[in-house]
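A.B. asks: Read off the chains here:
2 protein chains.
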Amino acid sequence: MESVLAYIEANTERYLEELRRLLAVPSVSTNPENAADVRRAAEWLSEHMQSIGLEHVEVFPTPGHPIVYGDWLHAEGRPTVLLYGHYDVQPVEPIDLWTSPPFEAAVRNGRLYGRGTADDKGQIFIHLKSIEAFLKTAGALPVNLKLILEGEEEIGSDHLEAFVEERREMLKADLVLMSDTPFFGEDLPAICYGLRGLSYMQIDCVGPNRDLHSGSFGGTVHNPIQALAEIISGLHDRRGRVTIPGFYDDVRPLTAKERRAFKQLPHSDRKYAADLGVRELYGEKGFTTLERVWARPTLECNGIWGGFTGEGAKTVLPSKASAKISMRLVPDQRADRTAKLFERHIRKIVPRTVRVNVSYLHGGEPAITPIDSPGVRAAVTALKKGFGKKPLYQREGGSIPIVVQFKKILGIDTVLLGFGQPDENAHAPDEFISLSHFYGGIRTSVYFFQELPHIMEEEQR
Amino acid sequence: MESVLAYIEANTERYLEELRRLLAVPSVSTNPENAADVRRAAEWLSEHMQSIGLEHVEVFPTPGHPIVYGDWLHAEGRPTVLLYGHYDVQPVEPIDLWTSPPFEAAVRNGRLYGRGTADDKGQIFIHLKSIEAFLKTAGALPVNLKLILEGEEEIGSDHLEAFVEERREMLKADLVLMSDTPFFGEDLPAICYGLRGLSYMQIDCVGPNRDLHSGSFGGTVHNPIQALAEIISGLHDRRGRVTIPGFYDDVRPLTAKERRAFKQLPHSDRKYAADLGVRELYGEKGFTTLERVWARPTLECNGIWGGFTGEGAKTVLPSKASAKISMRLVPDQRADRTAKLFERHIRKIVPRTVRVNVSYLHGGEPAITPIDSPGVRAAVTALKKGFGKKPLYQREGGSIPIVVQFKKILGIDTVLLGFGQPDENAHAPDEFISLSHFYGGIRTSVYFFQELPHIMEEEQR
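Protein sequence lines, in the order shown, are assigned to chains W and A. With my numbering applied, the first sequence covers 118 to 578. With my numbering applied, the second sequence covers 118 to 578.
I should point out that these hints are in silico values taken from the structure, not numbers from a laboratory. No experiment lies behind these values; they were computed from the predicted model shown. Each hint should be verified, as a subset may be incorrect.
Any copy, or any two copies together, can satisfy a pair, since identical chains are not distinguished.
Unchecked claim - Below 27 Å or equal to it, Euclidean Cα-Cα: the simulated DSS-like pairs (lysine-lysine) are:
| id | residue 1 | residue 2 |
| --- | --- | --- |
| 1 | 374 | 506 |
| 2 | 457 | 524 |
| 3 | 380 | 402 |
| 4 | 402 | 388 |
| 5 | 465 | 501 |
| 6 | 465 | 402 |
| 7 | 525 | 431 |
| 8 | 402 | 253 |
| 9 | 431 | 457 |
| 10 | 431 | 524 |
| 11 | 253 | 388 |
With the sequences and hints as input, model every part of the structure.
C.D. replies: Set out below in structure tokens:
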């Protein structure tokens with residue numbers, strides 16, 4: 118360990134220099150004109166992975182951008198880690214809002230600015246440099262390692278699922294390690310252990326069979342906008358709870374330990390509300406803001422439309438009004454089942470004066486890697502050693518579909534050991550990673566690989 | 118009277134032929150390329166009015182299309198009728214849905230088909246032919262008469278108000294006579310004596326200061342679509358009544374006579390619902406469908422929009438949602454006052470979790486010409502004699518802004534003695550007027566001019 122850490126210490130400048138070279142490749146996956154750049158980034162990584170001692174390195178073509186694979190499998194009897202990352206980046210527009218050119222990474226005030234620094238090239242590089250340190254000093258890793266780096270994360274990972282499905286034997290592992298999420302704040306290391314799922318619905322509410330003149334017909338039929346508003350307003354009760362029968366049945370309650378952990382996070386409702394520009398927050402009574410967004414299922418209207426929406430006044434009583442409504446799910450809710458509960462409830466409450474059509478547009482399962490699982494425990498210990506302070510526990514209110522796919526196809530949990538920070542401008546101008554997070558991340562990666570086998574062995578005894 | 122009616126009888130074919138010539142002029146006011154045609158229609162009418170014996174005939178230019186004026190003012194001591202009509206027509210598209218060319222009026226099955234037959238050239242002509250019959254036989258009219266025929270009704274009557282305002286002395290009269298509305302059905306003569314007014318509002322409901330990711334923020338702030346839905350759904354109670362305090366304060370109750378009259382109309386809720394394709398009607402409890410749409414104030418959502426409204430699923434928690442909401446008013450409600458009641462109520466009920474902006478976009482006053490007023494009584498007697506059956510009483514749920522302007526500027530009520538029918542396709546292909554309505558209308562016009570002075574005299578005694 119001493120020599121591994123010493124190697125890192127001795128090579129900090131070179132590490133940064135190499136990362137800058139990777140960041141210089143404009144691998145914007147959504148721009149067809151950058152397709153060759155995306156491929157160039159894949160090849161650069163492939164060569165770099167070979168140079169640090171990884172084996173079976175290969176650039177796999179897909180119908181879209183390629184996936185880079187590499188492994189090191191000589192830690193017999195030890196656990197296998199599947200390291201996932203992505204080397205494609207978001208577009209850089211509006212370009213004039215960047216302080217320095219997005220593809221010429223620059224250090225200012227202890228931060229490295231450039232597209233991809235946090236999301237996700239910088240975070241991939243954290244692990245590559247830890248792996249290099251192991252292989253160039255000890256000549257071995259404490260675990261077996263498989264890497265997959267994709268080039269389509271920013272455009273929906275369209276070809277990853279089929280790749281994992283087809284090569285499930287090659288990718289077999291004990292857990293997935295992913296570094297693509299932020300800390301709770303600058304120098305506030307945190308481990309994210311849960312993601313919410315999603316059931317995304319559409320309601321079309323139909324009243325009269327044609328648009329009517331609201332003067333000549335107003336007051337005789339149920340206006341579908343009003344009927345839809347009545348349906349929507351009935352989906353929450355006065356305590357902010359979702360009223361769909363059975364909605365909370367499968368919700369895994371927060372443990373006392375989790376609630377304590379969330380309470381320790383430096384969160385202020387007043388600051389949160391001020392940042393969003395609202396006088397008062399809203400949500401399910403009996404839960405804190407962080408509990409609500411991370412660990413409670415919620416229902417939100419994502420869109421609504423119907424009738425006349427232009428400038429001025431048009432006296433129409435529309436035939437139809439529609440809304441997009443999505444529910445965020447937590448373990449152990451299921452997307453399909455929740456969609457069914459929603460549809461059944463809407464059909465039950467819709468008045469006889471209108472008709473509704475309910476569609477299930479999209480779904481994703483929630484994911485959790487319990488805080489007592491070996492992977493999370495190893496990450497917590499590693500963060501403590503890597504950053505010199507006890508990490509915080511957090512979840513994320515959104516979804517990461519890949520995590521759900523890994524669970525579904527490979528049957529394994531993902532440890533979300535991210536080193537970014539909330540204000541990192543991941544999809545905006547002036548994206549950055551703090552150098553303290555970058556170097557602390559490399560140390561944490563070293564400790565993670567070091568700790569994991571011990572904790573898993575302990576677990577099995 | 119005998120000779121007047123005999124003259125009409127003897128000239129039916131010529132009357133129809135002359136109307137066809139007027140209908141042949143494509144005076145589509147909204148098409149700039151038809152501007153000369155609109156002017157041609159005005160000049161045709163001006164010449165025709167002179168030929169039948171009207172005096173002071175003049176085509177008044179406006180910044181838009183001209184207004185045709187004419188009068189006959191030799192009935193000393195008798196009431197003065199201001200006859201209003203419009204000679205402009207709606208566009209004819211889609212042209213291929215017309216059975217015969219829109220500007221070559223054709224008779225089929227007792228109906229005259231062509232653009233403007235019902236709305237409003239045919240109905241103007243009804244009165245011109247009754248006037249002609251009086252002046253060519255008796256050499257005099259039983260009343261004083263002033264005519265204004267405008268060319269911009271179908272595009273909002275933009276220059277009529279200023280014209281009436283500037284020439285209020287010239288237009289001074291005891292009542293306005295307007296024939297631009299339908300009967301209750303074919304051969305079901307009816308007199309329309311009330312119109313609803315309008316207060317048209319917009320609510321913008323603002324939650325967070327920017328669009329948020331519904332995963333990362335869902336469950337922590339009040340979604341403005343949900344808040345708006347809650348506001349809208351609270352605007353009606355379970356009995357279908359509008360909940361705005363004071364909303365019904367100024368509503369003039371239906372008289373027992375009016376309610377009886379409406380009940381006599383051949384209306385079927387089942388047929389009405391079937392025609393609109395709804396299983397059940399909706400509205401204020403305690404009132405019939407016709408009472409609700411004609412004589413009760415109502416509140417309708419005309420449009421709603423917010424968040425993501427495209428195809429598929431986008432997980433946004435929008436910053437803002439908006440709705441257009443209009444209230445239809447009945448005497449003696451006032452548009453401004455109702456708009457204020459609305460705004461005050463919304464401001465009172467809006468929760469602290471969101472902000473609202475309430476705008477008053479447009480307003481118009483309700484209008485009524487009581488069924489016991491001399492004008493309506495004369496119309497009822499005239500319809501009874503002209504069509505051989507007792508007419509029905511009806512109101513109209515929409516507004517006719519000109520009626521309100523006449524009341525405001527000239528201080529007089531309008532008698533809506535329309536001879537069209539509900540399925541006349543006024544703004545659609547195959548517009549028609551039934552020949553029985555056309556000829557019955559001419560006789561009714563004769564009787565109206567005949568009866569009015571007697572009834573008014575009676576009234577004054």
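A.B. asks: Compare the structure with each hint and give your call.
C.D. replies: So, going through the hints one by one against the coordinates:
Proximity of residue 374 and residue 506 under a CA criterion of 27 Å is satisfied intra-copy only: 19 Å inside one chain copy versus 85 Å between copies. For the identical chains of this complex, residue 457 and residue 524 are intra-copy neighbours only, at 23 Å inside a copy versus 58 Å across copies, given an alpha-carbon limit of 27 Å. Taking CA atoms no more than 27 Å apart as the test, residue 380 paired with residue 402 passes inside one copy only; the shortest distance there is 16 Å, against 52 Å between copies. Taking the shortest Cα distances, residue 402 and residue 388 sit within 27 Å of each other inside one copy (19 Å), while across copies they are farther apart (48 Å).
Within a single copy, residue 465 and residue 501 get their C-alpha atoms no closer than 52 Å, and across copies no closer than 52 Å, so neither meets the 27 Å cut-off. For the identical chains of this complex, residue 465 and residue 402 are neighbours both inside a copy (26 Å) and across copies (23 Å), given an alpha-carbon limit of 27 Å. For the identical chains of this complex, residue 525 and residue 431 are inter-copy neighbours only, at 24 Å across copies versus 51 Å inside a copy, given an alpha-carbon limit of 27 Å. For the homomeric pair residue 402 and residue 253, neither the shortest alpha-carbon distance inside one copy (55 Å) nor that between copies (84 Å) is at most 27 Å.
When the C-alpha separation of residue 431 and residue 457 is checked against a cutoff of 27 Å, the pair qualifies only between copies, where the shortest distance is 20 Å, while the shortest distance within a copy is 37 Å. For a Cα distance limit of 27 Å, the shortest separation of residue 431 from residue 524 across copies, 24 Å, qualifies, whereas the shortest one inside one copy, 52 Å, does not. With identical chains, the CA atoms of residue 253 and residue 388 are never at most 27 Å apart, being 47 Å at best within one copy and 86 Å at best between copies.
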